[in-house]
Amino acid sequence: MTIFDFEKPINELESAIQELRQLSAEKGLDRSREIAELETQRERLLKQIFAHLRPWDKVLLARHPKRPYTMDYIRLMCEQFVELHGDRLGFDDPAIVGGLAKLGGYKLVVVGQQKGRDLKERQKRNFAMAKPEGYRKAMRLFQLAEKFRLPVLTLVDTPAADPGVESESRGISEAIARSMLTMFQLTVPTVAVVIGEGGSGGAIALAVANRVLMLEHAIYSVIPPEGCAAIIWRDASRAPEAADALQLTADDALRLGLIDMVISEPLGAAHRDPQTTALSLRSAILQQFHELSALTPEQLYQHRHERFRRMGTFLSTP
Amino acid sequence: MQRRVASGSSEQWVQCQKCKKILFKPDFERALRVCIHCGHHHRLRARERIAITLDPDTFVEQDAELRSDDPLRFPDYPDKLMRAQQTTGEFEAVITGTGKLGGSEVVIGVMDFAFMGGSMGSVVGEKIMRCFLRGADEYLPVILFCASGGARMQEGMLSLMQMAKTTAGVEKLQRAGLPYLAVFTDPTMAGVLASFASLADVIIAEPGALVGFAGQRVAAQASSGKPPTNFQTAEFQTEHGMVDLIVPRAQIRPTLLYLLEMFGGAG
Ligand SMILES: [Zn+2]
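Those sequence lines, one after another, are chains A and B. The first sequence begins at 1 in our numbering and counts up one residue at a time. The second sequence begins at 1001 in our numbering and counts up one residue at a time.
A couple of the hints might just be wrong.
[Stated by the list, open to error] Think about it this way: if two alpha-carbon atoms lie no more than 25 Å apart in a straight line, the pair counts; the simulated SDA-like pairs of lysine to any residue are:
1. B:Lys1080 x A:Asp92
2. A:Lys124 x B:Gly1225
3. B:Lys1018 x B:Arg1047
4. B:Lys1172 x A:Thr187
5. B:Lys1226 x A:Phe314
6. B:Lys1080 x A:Pro240
7. B:Lys1172 x A:Lys124
8. A:Lys8 x A:Glu39
9. A:Lys102 x A:Leu53
10. B:Lys1172 x A:Leu53
11. B:Lys1172 x A:Tyr301
12. A:Lys124 x B:Arg1217
13. B:Lys1080 x A:Arg234
14. B:Lys1172 x A:Met139
15. A:Lys47 x A:Glu19
16. A:Lys102 x A:Lys120
17. A:Lys120 x B:Pro1056
18. B:Lys1080 x B:Thr1098
19. A:Lys8 x A:Leu53
20. B:Lys1172 x A:His303
21. B:Lys1172 x A:Leu292
22. A:Lys124 x B:Val1218
23. A:Lys124 x B:Gln1221
24. A:Lys107 x A:Ala294
25. B:Lys1080 x A:Leu84
26. B:Lys1020 x B:Cys1038
27. B:Lys1226 x A:Asp92
28. A:Lys47 x A:Ile231
29. B:Lys1080 x B:Asp1070
30. A:Lys102 x A:Gly227
31. B:Lys1226 x A:Gly227
32. A:Lys47 x A:Phe314
33. B:Lys1080 x A:Phe314
34. A:Lys66 x A:His303
35. A:Lys120 x B:Thr1255
36. A:Lys47 x A:Asp244
37. B:Lys1080 x A:Gln275
38. B:Lys1080 x A:Ile231
39. A:Lys147 x B:Arg1067
These are computed hints drawn from the structure, not numbers from a lab. Small disclaimer: the values here were computed from a predicted structure and weren't measured.
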């Protein structure tokens, strides 16, 4: 199990607490005062560490192997979910999951990239790097949503789209472009949430929505920091510096006007308390759909276009 | 662009970048910088492309006043921009405007690889977006020549958003029922290929142009088999159904004219 440097002291305390608990259970000794003290320490340490996270720490958190993934949130948030499969063109990409969900009174189409928890599942899911067929499955589901007037929720969590020869042969670029185009055509309310890694084109392919949100420790980037460092300094190990330069955190995205809301994660990040994270995510999503329900189909279409029309920062010389 | 040959009146001779044969410069220019020996299409600058594509003296540049900012205070970005401006004589990586093609008005945009690898930041995205909006508003077809390594890293997420923004432009033009023709020139890659470029009604590519999603090394690493020798060329993309037709440089203007005539946008 990967433990990141900034998490080490927390994990050490947690193992100490665990040991004491076991000791008291096995030997019948009352160590509750010591345990309580260690827990206070742990809390204080977590607060201290998480108050000073650097962008690179957020990159690591967004990629944390214990971080909840799309299907975890669907299970924790939705009353019901039926997964639908296939792009109807010959493939079903396990890197993208989608289906019909019930969420707090809403009937939704949900689509998102899915990472794998163990080695076998990671390989099956291709590390959530979707192939053209993944985006084509997504498009099919978006069109289903449009036909039956179901709002769309997308959960974004991918390092990148699959860059391999197979994906190139089947038109990965076209699939990404057309997925965005399809999302622009919708007249139902759409909400996208970057829950982990928002990796470049593969991420934005599912994130053309009326509202775009990010979890507190998610990232959204045009290029992985390692790749950026390799280009600027010819040294991928300078990725932490590149992470600073790229401004890829949720707070950066909010400040740059690219997202609508940052959803707070529990102290110590989503993987320390998936339930609470899912509850916050759920209420943020419901709030968005509630607000969007005031708009007509035509307004939803226009609103989405105007949202992205504004994006970009430039000067105009007289 | 061409290496000079150190002999006699060297100004008169250039070397083909691919087959390395020596070419007589006036012939080379007359052939629109296509090698007469191997057919290699050497890169053109944006204004050279406009000159060989539109009817003479009909180009009116638009949105030339837009300049890149440095919203992220990204290391060395202002220097890079200034250097690109000095070496290319352009202010950004795409030149856009209107002009006539066979007597009919069109909106045209030409990317310039010489300017920071034709990368798409906020200005490039905005200028391309305005091409589509101008097309829709003024009821004109849109022609875009692509030449880009992808999104401009130095503007971070803002560059990424240009993929969506330009796609919104295509959607508006499509809805207005107007033709959009794209020409992939060397190279057409990554964030540009994965957004507006791939969404044209008809896609033309120049022979031998590099056209692909990821860098060649990344693609090879992510694959089990070895990439084919023509991987990520215009020819490869045509074989796989992603490009309509490969057209030699001299035939591009007549091909565009034919397409516009077919779509009722010209003639
Ligand atoms: Zn040659």
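Status of each hint after checking the structure:
| no. | hint | in the structure |
| --- | --- | --- |
| 1 | B:Lys1080 x A:Asp92 | violated, 44 Å |
| 2 | A:Lys124 x B:Gly1225 | holds, 18 Å |
| 3 | B:Lys1018 x B:Arg1047 | holds, 23 Å |
| 4 | B:Lys1172 x A:Thr187 | holds, 14 Å |
| 5 | B:Lys1226 x A:Phe314 | violated, 42 Å |
| 6 | B:Lys1080 x A:Pro240 | holds, 22 Å |
| 7 | B:Lys1172 x A:Lys124 | violated, 38 Å |
| 8 | A:Lys8 x A:Glu39 | holds, 15 Å |
| 9 | A:Lys102 x A:Leu53 | violated, 35 Å |
| 10 | B:Lys1172 x A:Leu53 | violated, 42 Å |
| 11 | B:Lys1172 x A:Tyr301 | holds, 11 Å |
| 12 | A:Lys124 x B:Arg1217 | holds, 23 Å |
| 13 | B:Lys1080 x A:Arg234 | holds, 17 Å |
| 14 | B:Lys1172 x A:Met139 | holds, 19 Å |
| 15 | A:Lys47 x A:Glu19 | holds, 23 Å |
| 16 | A:Lys102 x A:Lys120 | violated, 30 Å |
| 17 | A:Lys120 x B:Pro1056 | violated, 62 Å |
| 18 | B:Lys1080 x B:Thr1098 | violated, 29 Å |
| 19 | A:Lys8 x A:Leu53 | holds, 14 Å |
| 20 | B:Lys1172 x A:His303 | holds, 13 Å |
| 21 | B:Lys1172 x A:Leu292 | holds, 22 Å |
| 22 | A:Lys124 x B:Val1218 | holds, 20 Å |
| 23 | A:Lys124 x B:Gln1221 | holds, 18 Å |
| 24 | A:Lys107 x A:Ala294 | holds, 17 Å |
| 25 | B:Lys1080 x A:Leu84 | violated, 48 Å |
| 26 | B:Lys1020 x B:Cys1038 | holds, 10 Å |
| 27 | B:Lys1226 x A:Asp92 | holds, 24 Å |
| 28 | A:Lys47 x A:Ile231 | violated, 35 Å |
| 29 | B:Lys1080 x B:Asp1070 | holds, 11 Å |
| 30 | A:Lys102 x A:Gly227 | violated, 39 Å |
| 31 | B:Lys1226 x A:Gly227 | holds, 22 Å |
| 32 | A:Lys47 x A:Phe314 | violated, 38 Å |
| 33 | B:Lys1080 x A:Phe314 | holds, 16 Å |
| 34 | A:Lys66 x A:His303 | violated, 36 Å |
| 35 | A:Lys120 x B:Thr1255 | violated, 51 Å |
| 36 | A:Lys47 x A:Asp244 | holds, 22 Å |
| 37 | B:Lys1080 x A:Gln275 | violated, 47 Å |
| 38 | B:Lys1080 x A:Ile231 | holds, 14 Å |
| 39 | A:Lys147 x B:Arg1067 | violated, 42 Å |
This entry does not satisfy hints 1, 5, 7, 9, 10, 16, 17, 18, 25, 28, 30, 32, 34, 35, 37, 39, going by the numbered hints stated previously.
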